[in-house]
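Q: Residue strings, one per chain:
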Amino acid sequence: MTGADAGAGVAQVAGGLVLAPLAAGWIQHLKGRLQGRRGPSALQPYRDLRRLWGKSAVQPSAAGPLYRAAPAVVAAALLVAALVVPVGGRAADWGVGHDALVVIGLLALARGALALSAWDTGAGFGLLGAGRDLTFAVFVEGVLLLVVLLAGRAVGGSTDLVALSGAAAGGAPWHSAAHWCAGAAFALVALAETGRQPVDNPDTHLELTMVHEGPLLEYAGRDLACLQWAAAARLWLMLVLAAGLFAPTTGPFTARLALAAATVAVLCVAIALTETALAKMRILRVPVFVGGAGALCLIGLAGSLVQGA
Amino acid sequence: MLAPCAGSLLIAGGAVAVLAGAGPAGAPFHSTLHPRLGLDGLSALFALVVCGSVVPALAAAGDAMAGAPARRPLLALTCAFALALLGVLAARDVVTFLGAWELMTLLPATAILVARRDRAVRRTVFVYLATTHLGGAGVWVALLLLAQHGAVGAALGDGPRTLVLVAALVGFGTKAGVMPLHVWLPRAHPVAPSHVSALMSGVMVKVALYGLLRVLFEWAAPAPRWAGFVLLGAGVLSAVAGIVYALVQRELKRLLAFSTVENVGIIVAALGASVLLFADHRPVWGSIAFAAALLHTVTHAVVKTMLFLAAGAIGHAAGTLELERLGGLLRRMPWTGWSLVAGCAAIAGLPPLAGFSSEWLVLEATLHLGSGSRAADAVAGALATAGLAATAGLAVLCFVKLAGLVLLGAARSPGAAEAQEVPAATRAALVTGAGACVALGALAGEIVPVLARLAPGDATVAGGAALRLPGTGSLPAVGLLVALGLVFGLLRRATGRAPRAATAPAWTCGQRLEPALAYTGAGFTKPLRLVLEAVLRPARELEVVDGVGGVRRIRHRAEVPHRFDEELYAPLARGALRGAAVARRLQSGSLRTYILYMLALVIGLLALARLGGLA
Numbered sequence: 000m001t002g003a004d005a006g007a008g009v010a011q012v013a014g015g016l017v018l019a020p021l022a023a024g025w026i027q028h029l030k031g032r033l034q035g036r037r038g039p040s041a042l043q044p045y046r047d048l049r050r051l052w053g054k055s056a057v058q059p060s061a062a063g064p065l066y067r068a069a070p071a072v073v074a075a076a077l078l079v080a081a082l083v084v085p086v087g088g089r090a091a092d093w094g095v096g097h098d099a100l101v102v103i104g105l106l107a108l109a110r111g112a113l114a115l116s117a118w119d120t121g122a123g124f125g126l127l128g129a130g131r132d133l134t135f136a137v138f139v140e141g142v143l144l145l146v147v148l149l150a151g152r153a154v155g156g157s158t159d160l161v162a163l164s165g166a167a168a169g170g171a172p173w174h175s176a177a178h179w180c181a182g183a184a185f186a187l188v189a190l191a192e193t194g195r196q197p198v199d200n201p202d203t204h205l206e207l208t209m210v211h212e213g214p215l216l217e218y219a220g221r222d223l224a225c226l227q228w229a230a231a232a233r234l235w236l237m238l239v240l241a242a243g244l245f246a247p248t249t250g251p252f253t254a255r256l257a258l259a260a261a262t263v264a265v266l267c268v269a270i271a272l273t274e275t276a277l278a279k280m281r282i283l284r285v286p287v288f289v290g291g292a293g294a295l296c297l298i299g300l301a302g303s304l305v306q307g308a
Numbered sequence: 000m001l002a003p004c005a006g007s008l009l010i011a012g013g014a015v016a017v018l019a020g021a022g023p024a025g026a027p028f029h030s031t032l033h034p035r036l037g038l039d040g041l042s043a044l045f046a047l048v049v050c051g052s053v054v055p056a057l058a059a060a061g062d063a064m065a066g067a068p069a070r071r072p073l074l075a076l077t078c079a080f081a082l083a084l085l086g087v088l089a090a091r092d093v094v095t096f097l098g099a100w101e102l103m104t105l106l107p108a109t110a111i112l113v114a115r116r117d118r119a120v121r122r123t124v125f126v127y128l129a130t131t132h133l134g135g136a137g138v139w140v141a142l143l144l145l146a147q148h149g150a151v152g153a154a155l156g157d158g159p160r161t162l163v164l165v166a167a168l169v170g171f172g173t174k175a176g177v178m179p180l181h182v183w184l185p186r187a188h189p190v191a192p193s194h195v196s197a198l199m200s201g202v203m204v205k206v207a208l209y210g211l212l213r214v215l216f217e218w219a220a221p222a223p224r225w226a227g228f229v230l231l232g233a234g235v236l237s238a239v240a241g242i243v244y245a246l247v248q249r250e251l252k253r254l255l256a257f258s259t260v261e262n263v264g265i266i267v268a269a270l271g272a273s274v275l276l277f278a279d280h281r282p283v284w285g286s287i288a289f290a291a292a293l294l295h296t297v298t299h300a301v302v303k304t305m306l307f308l309a310a311g312a313i314g315h316a317a318g319t320l321e322l323e324r325l326g327g328l329l330r331r332m333p334w335t336g337w338s339l340v341a342g343c344a345a346i347a348g349l350p351p352l353a354g355f356s357s358e359w360l361v362l363e364a365t366l367h368l369g370s371g372s373r374a375a376d377a378v379a380g381a382l383a384t385a386g387l388a389a390t391a392g393l394a395v396l397c398f399v400k401l402a403g404l405v406l407l408g409a410a411r412s413p414g415a416a417e418a419q420e421v422p423a424a425t426r427a428a429l430v431t432g433a434g435a436c437v438a439l440g441a442l443a444g445e446i447v448p449v450l451a452r453l454a455p456g457d458a459t460v461a462g463g464a465a466l467r468l469p470g471t472g473s474l475p476a477v478g479l480l481v482a483l484g485l486v487f488g489l490l491r492r493a494t495g496r497a498p499r500a501a502t503a504p505a506w507t508c509g510q511r512l513e514p515a516l517a518y519t520g521a522g523f524t525k526p527l528r529l530v531l532e533a534v535l536r537p538a539r540e541l542e543v544v545d546g547v548g549g550v551r552r553i554r555h556r557a558e559v560p561h562r563f564d565e566e567l568y569a570p571l572a573r574g575a576l577r578g579a580a581v582a583r584r585l586q587s588g589s590l591r592t593y594i595l596y597m598l599a600l601v602i603g604l605l606a607l608a609r610l611g612g613l614a
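Note that the protein sequences, when read in sequence, are chains E and L. Going by numbering that gives the first Met the number 0, the letters in the first sequence line up with residues 0 to 308, in that order. Going by numbering that gives the first Met the number 0, the letters in the second sequence line up with residues 0 to 614, in that order.
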């Protein structure tokens, strides 16, 4: 293992574990400013996590073992996913590979475990959110695979995230229509996957409109801390993936790391701007929204076939 | 039950020996009509799959049939069914193959008729036999044509290949339950006794796929590109439509039967990808797609057998298989319940279990098909990849719903509230199945190279704890299991240490959580049904009874009709009946007319012979 790989390993763990809540908090802070409020501090998520970690858990009376296991399963799936995703075009060898499909599978595991926990409480609001979340996931997963396919065409159809971020290096990939379409489609599905506006409102306090927040309603204490960290980590992973797959990162590892960090910061600002400008859309419009991303991918594929011929 | 189980294990041992490199045993394939038996790598793999399902099915059958009136004939029929399945795999000539093939179709039908005698079941068995025989004629046509050209065991010339392939696709496709030829499957599998359903869903459809594999990759090889596109299209259609219809089912075994259609679709799509990749001169990825199809075959056989046995146990214990009348069984039946959780997670393709490894491989195969330079292949591969990924998402929705309705929450009927755990033999069968879900997922790296060796050509795939395929970020099967387990354990310890306050009622906006407020499966899948409304066309019925001072009662009924039945098979059946009515006019009942027909036939034949038409 080279020094750069070790550095990447540290960045993977430190970024996923420590910096993930910062990204979410910073977006909240920026949103507050953009909306003319002072907004919470960017460090607020850390304070929330510390507060939750010290609290005792309250458990709904009907809940069983699957409800109790779900937060740990969700957090474990997200942590392992953070080990799979390379940072700055490199990844340490954690023994879990670095395959794009594995990341998608781990995100599905987290979603499935949370939905099962909602069934275990027997309460309607959690299931309402979980059912919507799993429905969106059907479309999101299909489009995500198309994005991977498009991004991988440049390197012989690889799904290796390290090879994919290598292929994105420099300005050359942006000469192909496929790369533009894949980038735009990824931006759309990432919003759906992380539950940001206009797909879902992460700040909602109304049970009937909840999607991702619904199954979290019953949790408290350390369990809730795990789940809130996992939600932040999901956002972080999508940002890092976007930086890896679509930022033209070249040069030595430190430069690429700095560029990746800058890309993540820019994307946070972009999310804050979108969330200020756009309202949440009707739930049944979401599959159309994601389907549009899928159509973009197919256009990109057609473009790359024409260009390649 | 010990003797057949021991026999199955013995055969399984032999199959492992053949796969491990002992080479083929017995006679090779030949086109003459002398009955011969033998076993080569592909047969051995499928024989292993059959034995792996037969042993748990028999173990559970002993418990489930205890005290049943037709116990002995049913168990004998089950064993004979297993032998017929093995017979198809071991046949090395056309006569033995077709004989065993017919037995394989008839024996489960007999078992269903012995176990249940009501009218609806007789009708279902009729549909099953009619469809599989009409479609199954394709198998006869394909094999007899192959034998005529001396091509059983050898490759066929170019001329009759198309005919053989079309016949084989229809014949084996019907038996495998590929859409749109699947119509018998969701009818027949639920009515059989659970251990027979397990064998039908777990292995009988796989034996049909075995026949398809033989024709595609050996006897009619090299399969042309159109066959690849047909397989890919039919496979993705079966996968997506199968799981969508599984989602809207209300009965546990019917849901599982539709899920079989889905998984057969995934396997067939992988075979299509394999054909196209071989035709595009990419033998390594062709072999990987081939191995993906086989791995998913093995996975699905193991998981579906276990799920059907669990369904049988649940039906026995709770007295119903209606999903909305179960619930809370994880507490009442922990062994069955936890096995079912593992099975659901595995078949939904969640890491690190068996379904994830095989679906990962299938998706990689279609993805690499999509990244080729041929435009048609690339578009087909991309669409198939998106379709199969959506299938995986739908499967999560479907099996989360199943596990939630059956195992979690409060009991939704008195039967479910008083369910008792099943006896030890069934428990052992279920737990073994759950263990296999984990083991198959973790051992994917060791198994795939063995499966890839069975593919045509001599491309090799390197294995190991993490399956490092070229052009992928590797499938870290063992690594994922260990990493997830480790982090999960640490987090459970950390969160478990926090003080726990007393329990509180679940939050329902301050209301009490009453049984009438319990969430339903229909509610859970409502967003998806709304999204797919234009395709599914659900039927709704709302009846509001007004009383004094307001609405007294509301009755709501919703149903998703099976559109293949209504729009494809119903017109076909009507047409067939109309044709029969016309044909009946020929039958006047008068002897003289019949003599006239005979005379006309003889004269016609003589005329033809004279003209040289029959020379």
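Watch out, some of these pointers could steer you wrong.
[Unchecked claim] Label pairs and their computed distance ranges (CB to CB):
#1 L207(E) x G12(L): 25 to 33 Å
#2 D92(E) x R492(L): 21 to 29 Å
#3 A416(L) x R281(E): 36 to 44 Å
#4 G31(E) x P448(L): 50 to 58 Å
#5 Y45(E) x C508(L): 42 to 50 Å
#6 R70(L) x V12(E): 57 to 65 Å
#7 A464(L) x R281(E): 43 to 51 Å
#8 P448(L) x G307(E): 26 to 34 Å
#9 V534(L) x L277(E): 44 to 52 Å
[Stated by the list, open to error] Far from chain L, some chain E residues (derived; all Cβ distances over 12 Å):
#10 Q34
#11 D92
#12 S116
#13 V137
#14 G141
#15 T158
#16 A183
#17 T275
Because the hints were derived from the structure by calculation, they are not lab data. For every residue, glycine included, the Cβ atom is placed at its ideal position computed from N, Cα and C.
Q: Each hint should be assessed against the structure and marked as holding or not.
A: Results for each hint:
1. L207(E) x G12(L): 25 to 33 Å: violated, 59 Å
2. D92(E) x R492(L): 21 to 29 Å: 26 Å Cβ-Cβ, so the 21 to 29 Å window holds.
3. A416(L) x R281(E): 36 to 44 Å: holds, 40 Å
4. G31(E) x P448(L): 50 to 58 Å: The hint (50 to 58 Å, Cβ to Cβ) holds, given that G31(E) and P448(L) are roughly 56 Å apart.
5. Y45(E) x C508(L): 42 to 50 Å: violated, 31 Å
6. R70(L) x V12(E): 57 to 65 Å: holds, 59 Å
7. A464(L) x R281(E): 43 to 51 Å: Taking Cβ atoms as reference, A464(L) and R281(E) lie about 47 Å apart, which means the hint holds.
8. P448(L) x G307(E): 26 to 34 Å: holds, 32 Å
9. V534(L) x L277(E): 44 to 52 Å: violated, 29 Å
10. Q34: holds, 28 Å
11. D92: Label violated. Min Cβ-Cβ 10 Å, cutoff 12 Å.
12. S116: violated, 9 Å
13. V137: Non-interface label fails for V137(E): nearest chain L Cβ at 4 Å, not farther than 12 Å.
14. G141: violated, 4 Å
15. T158: The claim breaks: T158(E) does not keep its Cβ more than 12 Å from every Cβ of chain L (closest is about 5 Å).
16. A183: holds, 16 Å
17. T275: holds, 27 Å
The structure fails to meet hints 1, 5, 9, 11, 12, 13, 14 and 15 from the earlier list, while all remaining hints are met.
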